[in-house]
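4 protein chains.
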Amino acid sequence: MIGIALMGAGRMARVHANAIRAAGAKLVTVYDVVETAAKSLASNSSAAVATSMEEALHHPEVNAVLVVTSSNTHVDCIIQAVKAGKAVMCEKPLAPNLADAQRCIEVLGAQARNVFLAFNRRFDPGHAALKKAIDTGEIGILEQLTITSRDPVPPPLDYIPNSGGLFRDMMIHDFDMARWILAEEPVSIYSRGSCLVDPEIGKLGDIDTACVTMVTLSGKQALILNSRRAVYGYDQRIEAFGSAGMVISDNPRATAVQRYSKAGFGAPDRLFTFYMDRYGESYRREIETFLGGVAVGAPPPVNAIDGLRTAYLAEAAGASLRLGRAIELKNTCEVTWNG
Amino acid sequence: MIGIALMGAGRMARVHANAIRAAGAKLVTVYDVVETAAKSLASNSSAAVATSMEEALHHPEVNAVLVVTSSNTHVDCIIQAVKAGKAVMCEKPLAPNLADAQRCIEVLGAQARNVFLAFNRRFDPGHAALKKAIDTGEIGILEQLTITSRDPVPPPLDYIPNSGGLFRDMMIHDFDMARWILAEEPVSIYSRGSCLVDPEIGKLGDIDTACVTMVTLSGKQALILNSRRAVYGYDQRIEAFGSAGMVISDNPRATAVQRYSKAGFGAPDRLFTFYMDRYGESYRREIETFLGGVAVGAPPPVNAIDGLRTAYLAEAAGASLRLGRAIELKNTCEVTWNG
Amino acid sequence: MIGIALMGAGRMARVHANAIRAAGAKLVTVYDVVETAAKSLASNSSAAVATSMEEALHHPEVNAVLVVTSSNTHVDCIIQAVKAGKAVMCEKPLAPNLADAQRCIEVLGAQARNVFLAFNRRFDPGHAALKKAIDTGEIGILEQLTITSRDPVPPPLDYIPNSGGLFRDMMIHDFDMARWILAEEPVSIYSRGSCLVDPEIGKLGDIDTACVTMVTLSGKQALILNSRRAVYGYDQRIEAFGSAGMVISDNPRATAVQRYSKAGFGAPDRLFTFYMDRYGESYRREIETFLGGVAVGAPPPVNAIDGLRTAYLAEAAGASLRLGRAIELKNTCEVTWNG
Amino acid sequence: MIGIALMGAGRMARVHANAIRAAGAKLVTVYDVVETAAKSLASNSSAAVATSMEEALHHPEVNAVLVVTSSNTHVDCIIQAVKAGKAVMCEKPLAPNLADAQRCIEVLGAQARNVFLAFNRRFDPGHAALKKAIDTGEIGILEQLTITSRDPVPPPLDYIPNSGGLFRDMMIHDFDMARWILAEEPVSIYSRGSCLVDPEIGKLGDIDTACVTMVTLSGKQALILNSRRAVYGYDQRIEAFGSAGMVISDNPRATAVQRYSKAGFGAPDRLFTFYMDRYGESYRREIETFLGGVAVGAPPPVNAIDGLRTAYLAEAAGASLRLGRAIELKNTCEVTWNG
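Protein chains in written order, with the numbering used here: chain A, 3 to 341; chain B, 3 to 341; chain C, 3 to 341; chain D, 3 to 341.
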């Protein structure tokens, strides 16, 4: 049985703890800088509470580590866990900024490909079905990709200053979706951002409404739209157009109920507004994929290199916005811009 | 913690065993006439294998009993479990025929309302949302109800002779849906049946394609369509029309993916063909509802009386088909027909 | 150029007059018992106003006659027009009752097949596409047919007494749809009716909510649901289920616009509430089909025999409701019931 | 009655001629540089064939002129018609390039607002319903606009060299849609283009796959996607997202028929591949709007200024593609770029 050390005891740590239990793995120990949080999470399981990261990592029953700490500690935690010979899954993002992500990859070397980076949307049943349809040739050669990604409500204002900004915090998911589906690295990026949802977000130096254009060497075009607020719920759709057709991963709904009335004519059921309703299944499949890989020693389908490359795109998107021009992208993730 | 004795170790017993585990209850003991089946089911839990129904019922840790044996033993099992003071949930149907169902209700007396009869479709998220919409007045007064219910494939031929026939075996679910949604007992029933799917089913004396019309005292009309085979998968929809609108519980789908091609123009994703994909969620919610009721001592939302009344409708539908005429229904479930 | 005499100058006559103009035929003369109505209709065309049916029929430029008079004069008008050697299209129903329809067919003899009976729904693009899908084998062998047919609002109360009742006036369309799609005559019919929409309709001896079950010799089942009032607009759908699939002709909508809001999640656009929005295209195609047939001397796709057979089904449905039992149907349209 | 001179006798001229007839106006005279084309078009009406533009313009019965000549003669034709005191409707584009469009507007002066520029998509029922929903506040303040516009097949290769390129020829419609819906002029534009559909198009110096990002002063973002080929038919959708919701004008379909089979699960009916099926209704409404305006002397809802502004956007999009950078837009339509 796989024994797991959980680093972090916040909201996402709880999501993963539940998924671990459901997947039949054992939560061995929990560590968090806030010990009461670790205790609280451990209380409804037989997990031990570790007093340090090292203690958790070296627990004899632990063979896999889940890193769900705050972003700025991800890199150190990953490196230590890898050095301790453990299988590692790290919550996105890999690092709070590009420089840290690059350092992580350098230190890890060949091991970078063995670190599972938890971009959960790859495990969403709809998005995964879209990806599979493309991979099996259903739409011929992919030509245009449109990713719409809007959250129901903005995060609390006090979350904004340490979030890294919309590109690093929110669009990071869509950068990963784009790279995964394009199956080709973008060679240029152009971004625009506005503050339309809440002027307070703008005062904090961030944007809440953004769009990005990326192009690959072969001429594929990828567009991303983000908004921090969609009053009708999670609006996270992908549309892939190709030489032989199109496949759309539309928003899932609560049920297949339709309503007719004097003012409604077959209205489908509501979209989701709670992230666990929208993405719960993806978290379950993600953990199962991680544990399945650990069990047979297979490399993860999404790894720390993917974390580096999304960090690079987020950084470049920020530069494009600041500089008011398209940014040329390097396959080496080299920074070619100033300012 | 609620301790459960599972009577029966077949396919549906496994479904419930999984739902019990997921709901956090304890499977204490398993009994089946085929001891190897009981052992197999118990093997991946810490449950004991009982050598008799009595042993299982009187296990000191057991306070709730799930009856998932073959239909012809349901009544005796329920009666013994109730006498033993246990909370009981029984898989549908209550009994293999109307006479046995009536005997069960007579013996149980007032306790009949405390036996949870497992009509799982009441717990399907879509059907439950439709019911709620009606109960909250969204469609005004219900006037016409159309229940379409088609299975992906017919059961194996050797299942047919002991199935009790399509009305008792398959349409029993739809009779329960109709009564639940109408919130009023039908006063007449008219049925038609054909053998269109497989002539072998006809040789065994059964039908595979049926439709039923029921009317209530207030003039509400309910239609049920059944087929043993829909090549496109589970086709189990409910349509409720009323003075202020209509609500439809349509078929759920694998994902919200849509496909466009030279020959397809936004085709939605596939319907389900495996019953656990289609109804897994309903089984989970059913067990949770049962356990929740046991925990607080609340009566079940669907009980043995509902089992009797659906048995009566199935029996009357059979009579209508045989006699070629509409059958008047009595609130007492009295048989008014000959032959 | 085809020259047309229009018998009748009411609402449906105007619809046909417009369709005639759009189809490039010539409206030669108009007759109505109310001469001012004929004058009004003729005024925005160069058509003459006839002072008698005979005058209109024998106008030298007329080679086709459209009968859009009140139902009780259809038969005489058809017979005279056929005797005058004109091509004839008659608005549904063929006659106000079965006896008159039978008389019409007897008098017409072989000519009955040359009289175009205007069941416009056969020319509705959606219903016609469904029929074509079945005819080309898309769903294999048809097994179950469900026709839902609800009007937005009941007719004015003073229309009810002379309407012939719901089965003859409204469900007549659905009887024609059923026969057309089944491609096989029903051998039995069972009907139920309620007065749920407006008690005043009940006081006038009619019903406003009905359902009918018909079965064919080969065991195909056809269900019809009717209501005089659907608050959300025209609800006229057909669902054909067969051994290899299902095809549904769903309600058309104003546009393909979808709306999302706090309370709506992709609601499709409104259904139609005005009959010309819902059925305008079918009227245009109907006239084009009639004129096309006249031009090349081809027999109409729907004729007076169809008018007789739908009248028979309507009459039998009424008898079933009155007598509380299923009615056996004869291929000769013979009345087998008393009372 | 409005008498019309039709300038041009090609494919679009025929479309307008039919719409004129259906709208009850009179086609007085037709002029085309190819006289046989004019004769052919005039032959199935009572219209005269003019031997020169002047002759057509000064026909005494003519009070309105439709300019459907080749693009490079639009400006002269408009100017002459306006000088002749006629009401004018001109097919899009206003001019083959920005310089000619600017010259046209200068010469016309205040009259520019009286020239109806035929951007037919404004009259498409779906797009018009979307615009109305926005104008009535249904989605609050518009924030992001996504216009997807793909044609079923590329034009013939010999059409490409004189087309002006994708931005001027095809995306011109989408620029008009964007300006109309944004109700605010864009202040920047960034475009990308690829040749993915047919390398021959690339050899002719054009692109066949493009995307454009525009931003307005208030920060609204508008994205346009174009492809010359969508194998599934016309794919021309608009999606408007705002502070209180979203409205989508989806692709219309042939009928509301849905198909279920072993391989299809409720597939909607086909999209359109013939432009008159897709846009016929918009042409009818466009002519009716033009004639209605002429009748009451109302200014057109879309005029030559709109033609200038879309020409400016097309020109700037081309510059952005050539120069590899975003282009700042001036409200004066001034060219700020070199090369």
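It is possible that some hints are incorrect.
Stated by the list, open to error - The following label-pair restraints were derived from C-beta to C-beta distances:
| no. | chain 1 | residue 1 | chain 2 | residue 2 | range |
| --- | --- | --- | --- | --- | --- |
| 1 | C | 221 | B | 277 | 26 to 32 Å |
| 2 | C | 265 | B | 38 | 43 to 49 Å |
| 3 | A | 189 | D | 155 | 47 to 53 Å |
| 4 | A | 41 | B | 3 | 20 to 26 Å |
As the list claims (entries may be wrong) - Lysine to any residue pairs mimicking SDA-like chemistry, simulated, CA-CA at most 20 Å apart:
| no. | chain 1 | residue 1 | chain 2 | residue 2 |
| --- | --- | --- | --- | --- |
| 5 | A | 264 | C | 233 |
| 6 | C | 133 | D | 271 |
| 7 | B | 264 | D | 221 |
| 8 | A | 264 | C | 256 |
| 9 | D | 28 | D | 41 |
| 10 | A | 133 | A | 291 |
| 11 | A | 264 | B | 246 |
| 12 | C | 264 | A | 291 |
| 13 | C | 134 | D | 134 |
| 14 | C | 134 | D | 266 |
| 15 | B | 205 | C | 220 |
| 16 | B | 264 | D | 300 |
| 17 | D | 264 | C | 139 |
| 18 | A | 134 | A | 199 |
| 19 | A | 264 | C | 263 |
| 20 | A | 264 | B | 135 |
| 21 | D | 264 | C | 3 |
| 22 | A | 264 | C | 46 |
| 23 | B | 133 | B | 271 |
| 24 | B | 332 | B | 300 |
| 25 | B | 28 | A | 24 |
| 26 | A | 205 | D | 270 |
| 27 | D | 88 | D | 111 |
| 28 | D | 134 | C | 258 |
| 29 | C | 264 | A | 271 |
| 30 | A | 264 | C | 104 |
| 31 | A | 264 | C | 268 |
| 32 | C | 88 | C | 220 |
| 33 | D | 264 | B | 65 |
| 34 | A | 264 | D | 196 |
| 35 | D | 133 | C | 154 |
| 36 | D | 133 | C | 268 |
| 37 | B | 133 | A | 269 |
| 38 | B | 134 | C | 265 |
| 39 | D | 28 | C | 233 |
| 40 | D | 264 | A | 140 |
It should be emphasised that the hints constitute simulated quantities derived from the structure, not laboratory data. Given the structure is predicted, the values throughout are model-derived calculations rather than measurements. We treat Cβ as the ideally placed atom computed from N, Cα and C, and that holds for glycine.
To see whether the hints hold, each was checked on the structure:
1. C:221 with B:277: 26 to 32 Å: At roughly 27 Å between Cβ atoms, residue 277 (chain B) and residue 221 (chain C) fall inside 26 to 32 Å, so the hint holds.
2. C:265 with B:38: 43 to 49 Å: With a Cβ separation near 56 Å, residue 265 (chain C) and residue 38 (chain B) fall outside 43 to 49 Å, so the hint is violated.
3. A:189 with D:155: 47 to 53 Å: At roughly 29 Å between Cβ atoms, residue 155 (chain D) and residue 189 (chain A) fall outside 47 to 53 Å, so the hint is violated.
4. A:41 with B:3: 20 to 26 Å: Since the Cβ atoms of residue 41 (chain A) and residue 3 (chain B) sit about 23 Å apart, the hinted range of 20 to 26 Å holds.
5. A:264 with C:233: Judged against 20 Å, a Cα distance of about 5 Å means the pair holds.
6. C:133 with D:271: holds, 14 Å
7. B:264 with D:221: Distance of about 38 Å is beyond 20 Å: violated.
8. A:264 with C:256: Given that 20 Å is the threshold and the Cα spacing comes to 15 Å, the pair holds.
9. D:28 with D:41: Holds: residue 28 (chain D) and residue 41 (chain D) sit about 16 Å apart, inside 20 Å.
10. A:133 with A:291: holds, 16 Å
11. A:264 with B:246: holds, 7 Å
12. C:264 with A:291: Not OK: residue 264 (chain C) and residue 291 (chain A) at ~36 Å, beyond 20 Å, violated.
13. C:134 with D:134: The hint is violated at about 37 Å.
14. C:134 with D:266: holds, 17 Å
15. B:205 with C:220: This hinted pair holds, its Cα atoms lying about 16 Å apart.
16. B:264 with D:300: Outside the cut-off at roughly 44 Å; violated.
17. D:264 with C:139: holds, 14 Å
18. A:134 with A:199: violated, 35 Å
19. A:264 with C:263: Holds - the C-alpha atoms of residue 263 (chain C) and residue 264 (chain A) are around 17 Å apart, at most 20 Å.
20. A:264 with B:135: Holds, at about 15 Å.
21. D:264 with C:3: Violated, because 49 Å separates the two Cα atoms, which is more than 20 Å.
22. A:264 with C:46: Not OK: residue 264 (chain A) and residue 46 (chain C) at ~37 Å, beyond 20 Å, violated.
23. B:133 with B:271: violated, 25 Å
24. B:332 with B:300: Since the Cα atoms of residue 332 (chain B) and residue 300 (chain B) sit roughly 29 Å apart, the hinted pair is violated (cutoff 20 Å).
25. B:28 with A:24: Roughly 16 Å separates the two Cα atoms, so the pair holds.
26. A:205 with D:270: Outside the cut-off at roughly 47 Å; violated.
27. D:88 with D:111: holds, 16 Å
28. D:134 with C:258: holds, 14 Å
29. C:264 with A:271: holds, 12 Å
30. A:264 with C:104: Between residue 264 (chain A) and residue 104 (chain C) the Cα gap is close to 42 Å, so the pair fails against 20 Å, i.e. violated.
31. A:264 with C:268: holds, 16 Å
32. C:88 with C:220: Violated: residue 88 (chain C) and residue 220 (chain C) sit about 39 Å apart, past 20 Å.
33. D:264 with B:65: violated, 46 Å
34. A:264 with D:196: violated, 47 Å
35. D:133 with C:154: The hint is violated at about 28 Å.
36. D:133 with C:268: With a Cα-Cα distance of about 16 Å, the restraint between residue 133 (chain D) and residue 268 (chain C) holds, given a limit of 20 Å.
37. B:133 with A:269: Distance of about 16 Å is within 20 Å: holds.
38. B:134 with C:265: Holds, at about 17 Å.
39. D:28 with C:233: violated, 42 Å
40. D:264 with A:140: holds, 18 Å
Of the numbered hints given earlier, the model fails hints 2, 3, 7, 12, 13, 16, 18, 21, 22, 23, 24, 26, 30, 32, 33, 34, 35 and 39; all others are met.
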